[in-house]
Amino acid sequence: MKVAKEVKEKKEVWEREELLTGCQAVSHAVRLADVDVIAAYPIRPYTEVMDMLSRLIADGELDAEYLIADSEHSQFEIVKHASSVGARAFGGSSGTGWMYGMEALVVTATDRLPTLFLVGNRALDDPGAFGVEHNDAMSVRDFGWLLSWSTTAQEALEHVLIMYRVAEDKRVLMPAALAMDGAFLTHSQHIVKLPTQEAVKKFLPPYDLGGRRLHPDNPVSIAPQVNEDWVIELRRQNWEAARRAKGVIEEAYQEFNAVFGPRYENPWFTEFETDDADVVLIGLGTVAMPARTAVRRLRQQGEKVGYVNLRWFRPFPSQELRDCLGRFKAVGIIDRDFAHGSPDSGGILCHDIRSCLYPLEKRPHVFNIITGLGGRDVSIEECIKMYNIGLDAAAGKVKDELVTWIGLRE
Amino acid sequence: MVQTKVDFEKIKNVRETPLEEFYTSGHRTCQGCESALVMRDFAKAAGSRTIATGATGCMYVANTSYQTTPWIIPWMHTQLGAGGASAVGMAAGLRALMRKGKIPKEKINVINFSGDLGGGDMGLSGISGALQTDLDLLIILYDNESAANTDIQATGLTTYGAQTTFTPPGSKKRIMHRRWKKNVAAMLAVGHPTCRYVATASATFPALDFLNKTRKALAIGGPTFIHTFDPCPKGWDYHPGYSRELGELGIKSGIFPLYEIVDGKISYTYDPRKRGRIPVREYLEKQGRFAHFIDEDFDYIQKRVDEMWDEWELPGVAPFKSGLELVESAK
Amino acid sequence: MIKRLEINYRGIFQKNLGKYIGSDIVLIASSEGKVAFSNGRYSDAPERNGIPCKYFAFVSPDLSEEELEAECGAKMDIDEADVSVVLDDSMSKGVEPWGWHGIRPINEKVREKGCMLVVSERKHAELVKFFAKKPYDYRLATLKGAASLAGLWVFKDDLTRERVLGAIAAVDPGIISIEAVEKYLLKKTGDQKRAKAAREAYDATLRNIERVTPKDGIDWPHKIPVLPKWHEFQEGGVVVPAVKRGFKMGPRGQNRNEMFKRGTSKTERPVVRFDLCIKCTLCWLDCPDECFDPTDDGLYDIHYEFCTGCHKCAQVCPVPECIVMVDEMKFDNEKSPWEMHAKDPKAYVKWAEDKKGKERVFYPQVTGTGREIREGETVPAKVAK
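Quick note, the sequences are listed as chains A, B and C, same order. Taken in order, the first sequence gives residues 622 to 1031; the numbers are from the numbering used here. Taken in order, the second sequence gives residues 17 to 347; the numbers are from the numbering used here. Taken in order, the third sequence gives residues 0 to 384; the numbers are from the numbering used here.
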């Protein structure tokens, strides 16, 4: 499988190129999505998306209400309630700030409001630390959120549009979190192609909450108190929505490709050199870059290795991953997160993947790498080390422990 | 001192009160619940072009229980501490949509109601943020002096010494609740100079006062705040029929000051300095939550209430004592 | 063998009483070597003034605690009751504790040969006429007395608690025996009069138990709502349509929440002398349950199905004898009083005065400090010529 190629066709959908950080790319996407309400609150490393948005508003490039909230909890609630009246709304946070507003994040999902948040992945306090770690975004995985990781600024820009499209679909109506590695994507600058407003309008329909919009013309009571007579039925409704989201995601990418050119072959993940691979690593976010470079070097030495860059975490592409990973002898799951005391002490991604592979009759050997926490670099050499664990396993030399920590001082 | 004239449709006498309800029968509030009357009144005063959010609390759980609703106007639940943020989100959303031509332009009242905790403790941060904006919204703090929905616990707005499940009078400690009630309305007025309207009110005394204060707040423009005084038969332990009487006694004793601040100018709805103050005992002894009080306790409260009206520079409003003089520049 | 007991009580006013009786049963049964536990119903929380609530106690002479809990615990409601205690007889008219529940008969859970035990001053026939017909025999006993209403903080120690224990021992000694009750009360309080009160109630109740047959009672007139399946109601954040906007003058002119009427919260209902009304609007203005419907002649009708019996209108009305609270058990329908008055004002006054009777019950400010009964004023009819 090849990496998604930049296609030269469909020149007319692109307006210009600009040098942007990951955050700034998202700001432009928010502008192009004609977002109506933005609530801001400062926390590294996502803040810059809000800086840029305020500049776009001040310079008249975006017409939106921009509220500076008193806390993340208020910030997320402002976004949620703006969405409830039919305004397309945007917010964001990182690390401990994201956790501060957790109550609001849960209810936004159970209220089925399609808001979008940028999560600039950051290590959780205490102690304070700014570097990348995925626990923040992952904390909403159970509640009924759409959650995807972007690896490049271009991908992030495009996924703002795709995620609004999916979230606002009447069959879905779930909030969405777009995660990007703190510092390594939020702050690194890339040349990004900005689409035209017309192209975006073609792809992304206006936000229409229909009969749930809070407006005097639509008298409803939203989220009345319920008790044992209703909760399990509501959960089932939301569970179904998360299942339906998969089909809507496939549709959305097809529509996206139709407007912008065939940019995404596979919505769920991208495969690199996996065609004849024995061993693959799979991970989220910018760790793909040293991993893919490691693949190239190992291939030069004749090793059959590949990399799967997972994009969507929720809804989790269970069948697609079963079909993909089932082909290999060994699969190494890279967790840039922690799950202390979990089954076999594995990371969060490890548990999800191991669990989805369980039904396979012939399962690959699975091993877990915990690495890169709190912004620790992950080097190409370290990725090679990870592959070697897999290659050994494929050759019959299996480690006892599920988890290997790589990159810490020990 | 003349107050800013606010152009609004004032209800001049009880017979002119609009008859239609926008919050109607069929809610699980206690018999005699004054907070329910506050809901009824603000909805009635605001009318049909209104959207409201209710923070978690009695007025959430008791009203929309078990998936039914007494609301005729559109209403949405919001989190306990999210009252202010919900009002901001709604108002900003509507303003953006109207400005960008996505929905028709019209005046839509945006109202949030929060209880003790949502309005005076947890939710203060969000309300403060809301009162700094330039959005048209009204936040109502319905104060029944307890966390009532969780079966009566003390909050920052509970009267000194009151019995609640967190502050029971015991054999070693008679008074467990030693905190003095927070002065929320005035605190918000002092802290937000661009907020044009802050008031206190009660649903029943004087008649129509709260209805008109709601209308004024909605008409004046910008963020506004009303703190209502809601006798609670369950938490205060008195026979529900006496809710109105207790509200009146609380106000006449000076324990709950009734006033309006419009563009920084205070006007007293009930001025105990002119109309007299009854002893606090007459109000407190009628409630079971003070059944453990002895003279010492009544005296303490009386002393503090006397201070509020006799010694505060802004009587009943702000605890700055008289005698503040500008210091002359150093000689 | 399991004995199941439910205590129907008025929310908040009898909350402590219900809990004490339930707890006492557990302790007394334990002292007899039985296994027992009790619990309130979580879903009734938060409890509100007047709303019908339940407390439960379960006793077994032979099961282990775990087995008893497995059968009876962790449930929102009781399966069936050997004894169904009713601490306020006005609940005999039916109970609607929450929305989408419908108004249910008070004897819904009493099992065959089980017993309803009602604290009441009324005769059995006056209670049974409100019960739903059941397809089997059961029993009814009354414990003579007015409902003991208190509050959260001040408990009314009027021996109702002790008497109910004695009465339970009379109707079903398998739950607790009177000897054990007396012993428990004496040991716990050292107060002979409490044990005596229990014994006297026991003796009186024994003479008072009557059989109720499938012929007794009424065909239940209230619909029980059917809860929709998960895919049958609107998705998305739990949305229900608001009550439709609608108002016109006259009885039932205001649209109300038909899914949860709450009229079963009342122990008493207001009876209005329309002829004395000065049309001050205060009853309508101050009603927290929006029960009054303004009429074209300037009066205010009451929609009794929604009235919760809070007494505010009676207290607020400036005219003596114009609004008086009357025992709910005296009424067997929710007809519009104003319509009765409009049809025949003189007959209506007679009806109203007949319902009101001569006694007026006064409740002191603080609940739980007893009630006072006084003689009512006689105010002749002021019927328009």
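By construction, these hints were calculated from the structure, which means they are not laboratory data. Every residue, glycine too, gets a C-beta built ideally from N, C-alpha and C. Be a bit skeptical, because a hint or two may be false.
What the hints assert, rightly or not - In silico lysine-lysine, DSS-like type, Cα no more than 25 Å apart, as pairs:
(1) Lys21/B x Lys822/A
(2) Lys128/C x Lys188/B
(3) Lys28/B x Lys247/C
(4) Lys791/A x Lys118/B
(5) Lys247/C x Lys26/B
(6) Lys121/B x Lys243/C
(7) Lys823/A x Lys116/B
(8) Lys21/B x Lys189/B
(9) Lys74/C x Lys122/C
(10) Lys791/A x Lys228/C
What the hints assert, rightly or not - Some residues of chain B that are not near chain C, with every Cβ distance over 10 Å (derived):
(11) Lys250
(12) Asp253
(13) Lys302
Hint by hint, which ones does the structure fall short of? 1, 2, 8, 9, 11, 12, 13
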